[in-house]
Every structure is written in structure tokens, then in C-alpha cells.
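> Here is what each chain is made of, one letter per residue.
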Amino acid sequence: MLFNSLGFLYGFLPATYLAFWRVTGKAQRWMVLAIGGYVFYSFWNYKFCALMLFSTGVSYLAGLALLRWQSPRLRRWCVVVPVCADLAVLGFFKYGNFMAGNINAVTSWLGGRSSLPILDIVLPVGISFYTFHTITYVIDAYRGVITPTRNFFKYAAYVSMFPQLVAGPIVRYRQIEQDFENVDRAHETANADTGWSFFVVGLVEKVLIADTIASIIDPALARYSQLSTVDAWLVVLGFAYQVYFDFAGYSDMAVGLGHLFGFRIPQNFNSPYKSADIADMWRRWHISLSSFFRDYLYIPLGGSRGGRLLTYRNLMFTMVLCGLWHGASWIYVVFGAYQGLLLILNSMVKGTWERLPLAARRIGTFGLWVVGLAIFRSTGFPMAGAMLQRMFTWHAGTTGIVGGTVLIGMLTVAAGLAHFAPNSFEMHHRWSPGWVGAMAVLFGLGLFMLYGSRPAPYLYFQF
Amino acid sequence: MGQPTTHRPVWRLGRVIPCLLVVVFLADLVSRVPSIDPLTFRAWEAMSRNRPPGAAFEPNRRYVNARAYGDLASFGNLPAMRQYRPEVFTTDALGFRNPPHVLGGEVSAILIGDSFAVGSGVSDDETLSSRLTKITGCVVYNAGSDLGRVVPKEVLALARRLHLRNHLVMRLYAEDAAVPPMPTRRERLLWDLEARMPARLRALIGRLRGLAAVGPLQVLSGRAVKALEDDRILPNRYAGYVVRATLDNGDPMLFQASEVNNFYRRREVRLDYWQWLRDTLRPAGFDLLVVLVPSKYTVYRPFLVDQRPGPGAGADYLDRLEQDLRAAGIPVLNLTPLISAEAARDLRHDRYLYWLDDIHWNARGIALAAGAIRERWPLADAPCSTTLSRAVEKP
Numbered sequence: 000m001l002f003n004s005l006g007f008l009y010g011f012l013p014a015t016y017l018a019f020w021r022v023t024g025k026a027q028r029w030m031v032l033a034i035g036g037y038v039f040y041s042f043w044n045y046k047f048c049a050l051m052l053f054s055t056g057v058s059y060l061a062g063l064a065l066l067r068w069q070s071p072r073l074r075r076w077c078v079v080v081p082v083c084a085d086l087a088v089l090g091f092f093k094y095g096n097f098m099a100g101n102i103n104a105v106t107s108w109l110g111g112r113s114s115l116p117i118l119d120i121v122l123p124v125g126i127s128f129y130t131f132h133t134i135t136y137v138i139d140a141y142r143g144v145i146t147p148t149r150n151f152f153k154y155a156a157y158v159s160m161f162p163q164l165v166a167g168p169i170v171r172y173r174q175i176e177q178d179f180e181n182v183d184r185a186h187e188t189a190n191a192d193t194g195w196s197f198f199v200v201g202l203v204e205k206v207l208i209a210d211t212i213a214s215i216i217d218p219a220l221a222r223y224s225q226l227s228t229v230d231a232w233l234v235v236l237g238f239a240y241q242v243y244f245d246f247a248g249y250s251d252m253a254v255g256l257g258h259l260f261g262f263r264i265p266q267n268f269n270s271p272y273k274s275a276d277i278a279d280m281w282r283r284w285h286i287s288l289s290s291f292f293r294d295y296l297y298i299p300l301g302g303s304r305g306g307r308l309l310t311y312r313n314l315m316f317t318m319v320l321c322g323l324w325h326g327a328s329w330i331y332v333v334f335g336a337y338q339g340l341l342l343i344l345n346s347m348v349k350g351t352w353e354r355l356p357l358a359a360r361r362i363g364t365f366g367l368w369v370v371g372l373a374i375f376r377s378t379g380f381p382m383a384g385a386m387l388q389r390m391f392t393w394h395a396g397t398t399g400i401v402g403g404t405v406l407i408g409m410l411t412v413a414a415g416l417a418h419f420a421p422n423s424f425e426m427h428h429r430w431s432p433g434w435v436g437a438m439a440v441l442f443g444l445g446l447f448m449l450y451g452s453r454p455a456p457y458l459y460f461q462f
Numbered sequence: 000m001g002q003p004t005t006h007r008p009v010w011r012l013g014r015v016i017p018c019l020l021v022v023v024f025l026a027d028l029v030s031r032v033p034s035i036d037p038l039t040f041r042a043w044e045a046m047s048r049n050r051p052p053g054a055a056f057e058p059n060r061r062y063v064n065a066r067a068y069g070d071l072a073s074f075g076n077l078p079a080m081r082q083y084r085p086e087v088f089t090t091d092a093l094g095f096r097n098p099p100h101v102l103g104g105e106v107s108a109i110l111i112g113d114s115f116a117v118g119s120g121v122s123d124d125e126t127l128s129s130r131l132t133k134i135t136g137c138v139v140y141n142a143g144s145d146l147g148r149v150v151p152k153e154v155l156a157l158a159r160r161l162h163l164r165n166h167l168v169m170r171l172y173a174e175d176a177a178v179p180p181m182p183t184r185r186e187r188l189l190w191d192l193e194a195r196m197p198a199r200l201r202a203l204i205g206r207l208r209g210l211a212a213v214g215p216l217q218v219l220s221g222r223a224v225k226a227l228e229d230d231r232i233l234p235n236r237y238a239g240y241v242v243r244a245t246l247d248n249g250d251p252m253l254f255q256a257s258e259v260n261n262f263y264r265r266r267e268v269r270l271d272y273w274q275w276l277r278d279t280l281r282p283a284g285f286d287l288l289v290v291l292v293p294s295k296y297t298v299y300r301p302f303l304v305d306q307r308p309g310p311g312a313g314a315d316y317l318d319r320l321e322q323d324l325r326a327a328g329i330p331v332l333n334l335t336p337l338i339s340a341e342a343a344r345d346l347r348h349d350r351y352l353y354w355l356d357d358i359h360w361n362a363r364g365i366a367l368a369a370g371a372i373r374e375r376w377p378l379a380d381a382p383c384s385t386t387l388s389r390a391v392e393k394p
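In order, the protein sequences belong to chains A and B. Per numbering that gives the first Met the number 0, residue 0 is the first one in the first sequence, and the count goes up by one each step. Per numbering that gives the first Met the number 0, residue 0 is the first one in the second sequence, and the count goes up by one each step.
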């Protein structure tokens, strides 16, 4: 079930909302949220609820064990076992076939024989996100950053809370624990305005901007080998804004839904296209994911504490894994390596770069990002190679993209919003009646669009 | 979380958006109650909207549209390709496409099959059953349905409700239709349950399903989106559902994409369904005749300007099916050679046997098929009061 679907807006959301605010006790509200999360998840595939329950159960028990045991050796096991279990499940579903295919290929290349079976595996939606929720919980409990909860429904509600369940943000327990604790004191109408404001902004970003751009660039990308240089840049720029407004839109809707239930979900996008360098970009883009990799991988590897070469190694390793997180494909590995390389270069030329005017740094950073997205959007190396070749060597021709005029218009609007307008967390969310009317019109337009076409899934669902 | 303020303005998003959702939801609900006929482009969707469980269409209904057009022009969002024509579609008390008085009279044969048997795209007097009735003088009951199932039990149940004088069942099979799988035990139980439901309950369920299935807001919004996706303002995302090709004479013709793909893939001939159908009907004294209808692509592919090179792996599917049916002792008439030859002759005069903008055959194609069926199984040669078993066996 998608946030941008009529079933969600007319069915699931009102039912969960009414049930949540009808009960008053903490435990009851946790229970409503936990059950609601599983119902929400079951709309994709009810069978995978058991997988989420398993992941939740293992990390919950690990939390209880960490509360009980003080022995360092036992406590280490309390981390190793659930994290390995989580990663094993994630690895099997997300990377099993990728690894088997690569092992078979390498073995064959070396002259040996390996026929690891390629299984017909369905990737459970959101597995990358809820797995990271449980991992952060266990590690933070081990580090003493949080006190694990004894209440299973409270923890289950945290893992399965529907606004953040299937595509993040990867909210850490410590970021939302206070709201869970005060859930019985939350007031129904206190944050409704802010919640709906975030939701409307997100819906507009997703339905009216991202989906419209996608409807033009997707057919153009399907015939990428015929694109002129101008078209190739237009299409890749289109993708840059599509992916931003798609995911930022989803995140804003998640934040808005959180507010409706009394939860403050943290910011996931902080105007990334205003970044002045690539490190700044990764501090602003998908903040919950990049900070996860920073706190649970880069820093434990040594971060920047071990000299230049070690820092570069850590950066590259972290970014390659970050790339691979996006999908079991070598193209994502290359995307991650490209980002790692940019971060290393950024660290090497930081002084010189910072002497450039801010506008030049922003344009340069955005340009480098867009080139990376040309790789990211490609279905394989032939496409990535062809796209980059068309972008950087001249292929004559005017725009042959169907809907090219609309695309240029949408790019102008999207660029204005992404590069110059305040992001949703910079807005005050207290609107004058005129703005309320305008937002209601935009929401109504989005709703009308949802009636006429099947809701487009969010790009990040596939990750 | 913050505490509520004491003075809260009326025009705030926390009130306006939920109200808007409620208003649109109610408007959507209310707008579903009246008929959606004015919003439909042809009869099929209107007549099947409130279909009771197990019925082909909504019983006792009449649909009139002076400007109906083809399904492919609609599915592919190609308004320039529309061929407007009048369409009248009437159903009897059982929900099949027949004049209501048919149920009171004698019936000589039952025609079963999918939308080709129903007569999608033509008016009541142009369907195959109407044509056969007209040229043979014996009433042929149209039991065509889009339910995707033609099971003997239902045919026999229908036969019991009709005043049958001849025990004859004609099964029309269109080339692109999937041969229905043998129903599972669960499906049979469900169908039995449906059959035992009181008529009023079935009608109520049909109505409720119709209300839930589609509403005017959806239709209007879909049309607005399609109007924008005209391959000029925005790319036409529906274009992939159809293949647009040009005939030798310069006329454009639409084909269903799956129909074209079927032509190029090898399809296995399976007889189990046909034998099951025949073997279940036979003890009740029914003869089964199978009529094979070629797809539009099979018929018109030789006359396309830009036809895909190479023979289609599925091109001989109906021929193989015909041979196997014949070998199994099931009377069969393959219309492919006749329709293909006639299509070639007609093309010289810019006439067609299928709609240019539709999957289905038109009145000319149906009339040709009716003539061929009559020639092969001359219902009128034998008095309608006698069994046609012998007539069927006539070479």
C-alpha cells in the first residue's frame, strides 16, 4: 500500500488514526501502531510479516539480554547474533542471487565448475530499512546509548511504524524513544496542521513533480542510444530532480504522518542540491542512511583518525557498501565507488575548492552528482557507458523527447524549488488562509490524479 | 509534542485537508450510484459493471450508444483511430445477450464463447447468434460471456432453463483466448455456491461489486490524464498495449500487442479441456461443435506494409488445434482460410472483416462466419424439432 494511493487515504489511514486516538493508554497505542504496521505491511505480501516478526523478535530478545547481562563477552554475543541474523536474512533475500551468479561466473572464468542455483527470490519490500532499524537498536543498546525496552509492543511498534516502515527514514530508537514514551500524552489536534502540511508538500512533490518528470524521461531513457547530447543532459537532469522529489516527497509524507500520530520523525533531506561540496551533499542527502553508514561503519573502521590513506580507504569502503545497499548490481557498486572517489578528491582539494565562489561550488557539486546519477539510473554498464558518452561527446539534434516542452517547464520549477526554495523543515507550517486554499487545491489536484492512474511506487521501495 | 492552542483558525490544513478527503470520498461514493453509461465508450463495461455473480452481464438491460468505438483505440489512447458506430446491447433475464423474448420460445442451439461470441462492437441484430437465427430460422441462444470460463455444468444448467429442441452446443474459440484451465475444486465449490444464491442476493452482490469496481471520478480522471498523454504534451504510456500498423492500401489498423506476440510464439495445443467439455456434455445428449476464429493479426498480417520478418511460430496454432480436435472426434470448423481469403478480396475495396480500432470482428466478419457455419452445419436443413446430431456429422 502506497501513501499516494486511495486505499491508504480512504481506508488504512483513517482506520488507524481513529483506532490510535480512540485508545488512551501507552500500551494500547503501541499495540495499535504495531498491529497497524503489520496490516500495512501485509498489503504487499502478508507472508513476509513473519520475516519482520523474526527480525523484531531476535533484536528484542537481544535487548532484554543486554539489560540483564553485564559480562562483556556475553554482551558481545548479544550484538553479534542478532546483527548476523539480520544481515544473513538481508543477504539471502537481497544479495543471494547476486553472489551466486558472480561465484558461478568467476569460477567459470577460472576454468572451474560451479553451479550455485539462482533462486526465484522475491525481495521483501522495506527489508533494507527495518533491518537497519533493528541493527541500530541492538548496537545502540550495546553501546549504552539507549536503554532497551522491556515492552515487546513498544519495540514492535518502533520497528513496524508504518510511516517509516518500507522506505525509511531509518529512524533510530533514540531519536523517537521520547515520543514513544509520551505517546499517551500526545494530543490529537496539536500537530495535525503540521502533519498535514508535511503530507501535502510530500504528495505534491511526489505526484505532481516526480511522477510527471518520470512519465517523460522513462520512455526517453528506454531509447537511450538515440538521445542527442542535449536530450541526454535533459533526461539525466530530469532524473536528478525526479529521484530527489520522489524520495524527499516520501520522506515528507512520512514525517507528516508521524506528526499525525504524535511522533517527530527526523529530517531526511536538507536541501541537498544547495550543497557546496560532495561531503556536504552526503550530509544533506538521505541523512538517515548516510549517518547510519557514518556511525555504524565509517567511524568503527577508524573514520579519519588513522591518517590520510586509512581515511581514504574507509571512505571508499563505506561508499562502495552504501552503493551496494541500493541494490544487488555492479552498477551500484560503481556508483558507490564514484561517490567514494569524489569524497576522497574533495578531501584532497578542500582548500582550493573552498576558495571558489559559493555559486560555482554549488554548480560543480550538483554537476558531479548528476553525472553519478547517470550511472545510478542505468540498467547496466552498456547503458551507463552510452549515457556518459552521449553526455560528454557531441551528438547533434534538437530535443526529440516526447513532452520535451513540459520537461523543460518541470525542470525549471523543480530547479527553482530544489536550489532556491526552503525545504519542508525550513517552512514554518503555519499557513495563511490563502496558502491553505492553494495547498488544498494542489492536494485536490494530486488526489484527482490518483483517481486516474495507478499510483507510481516510490523509487526507494526497490532498495 | 506541543499542546493545542486555545484559538484555532478554521482555515487550517489540519481541518481543510481531512474535510477535503471526506468530501471527495463522499462525492465519489454518491457519483457511483447512477448509471455510468454516459461515461462509457462501448457497451461492454456498462453491461458488466453490475453483473451478478456467475452471470455474463447485468440482466434485463439495454444499452444504446450512438458513438461507440473500439477497445484498442481506447486501450492505446489513440483518439484519432476511433471508428465511431452505433451500438445497441440488450440482455435477457439470465444476463446473456439475447432479446428478452428468446427465453419464452424454443431454442435450437446454444452458442458459448468469449467476446467474439457475445458480439463485442456490434449491435444486437449483428451478433453471430442473431445472424445464425436469421439465416437458419432456428433460434440460437447467445450464451457468450467474458468470465473466462465455459464449463459444461453451467451449460447444462442453462439448457435446463431454456426450451431446447435440439441438443447442440456451439463453442466459439478465438485464437488469442487462453484455453480455460480445468476448474479447481475450490472454483467449482464457489460456482455451485453462486448458482444456489437467491436471485435477489446475487443481484445485490453484483450491484455492490459494481459500485466498488469503478466510479465516474476514476473515469473522468483517467480521461483527463489520457488527454494530457497524447504523445505531444506528455508521452502516451498506453501506446505499448497496441501495435499500430499500416495496410497495403494505406489504412492504419490497430492490433493488440499480446495478439502480435502470440503470433510469434509457439503455443502448445492441449485437448484436455475440449475432451472434458465434450465428454461431460455427451451423456446429457448434447453435441459439441467447435468454431475456431482467427485473430485479426493472423488475418491481416500478410497485408501489412511493415510486417515483422519471418514466419510466426504460433501462426499454425489454429490449424494444429483443428487437426487434433478432428483426430479426437470433435466436430470443428476452422474459419481461418475462409476469413483470410475474404479479407484479401475485401481489402481491394477498402472493406474489412474486423474493426480497424478493435480486437473483434465486425458485422461483415460475423455474417461471413455465420454463412460458413450454416454451410457446414445446416441447421435449417433439418427441422428444428429434431436432434442435429446427424446434421453435425454431415461432411
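FYI, nobody ran anything at the bench for these hints, they're computed from the structure. Backbone N, C-alpha and C define an ideal beta-carbon position, used for all residues, glycine too. Treat the hints with care, since some could be wrong.
Computed, partial: chain A to chain B, Cβ under 8 Å [unchecked claim]:
{"#": "1", "residue": "Thr188"}
{"#": "2", "residue": "Ala327"}
{"#": "3", "residue": "Ile330"}
{"#": "4", "residue": "Val332"}
{"#": "5", "residue": "Gly403"}
{"#": "6", "residue": "Phe447"}
{"#": "7", "residue": "Ser452"}
> Could you run down the list of hints and mark each one as holding or not?
Tested hints:
{"no.": "1", "hint": "Thr188", "in the structure": "holds, 5 Å"}
{"no.": "2", "hint": "Ala327", "in the structure": "violated, 27 Å"}
{"no.": "3", "hint": "Ile330", "in the structure": "violated, 25 Å"}
{"no.": "4", "hint": "Val332", "in the structure": "violated, 32 Å"}
{"no.": "5", "hint": "Gly403", "in the structure": "violated, 10 Å"}
{"no.": "6", "hint": "Phe447", "in the structure": "holds, 5 Å"}
{"no.": "7", "hint": "Ser452", "in the structure": "holds, 5 Å"}
Comparing the model with each earlier hint shows violations of hints 2, 3, 4 and 5; every other hint is respected.
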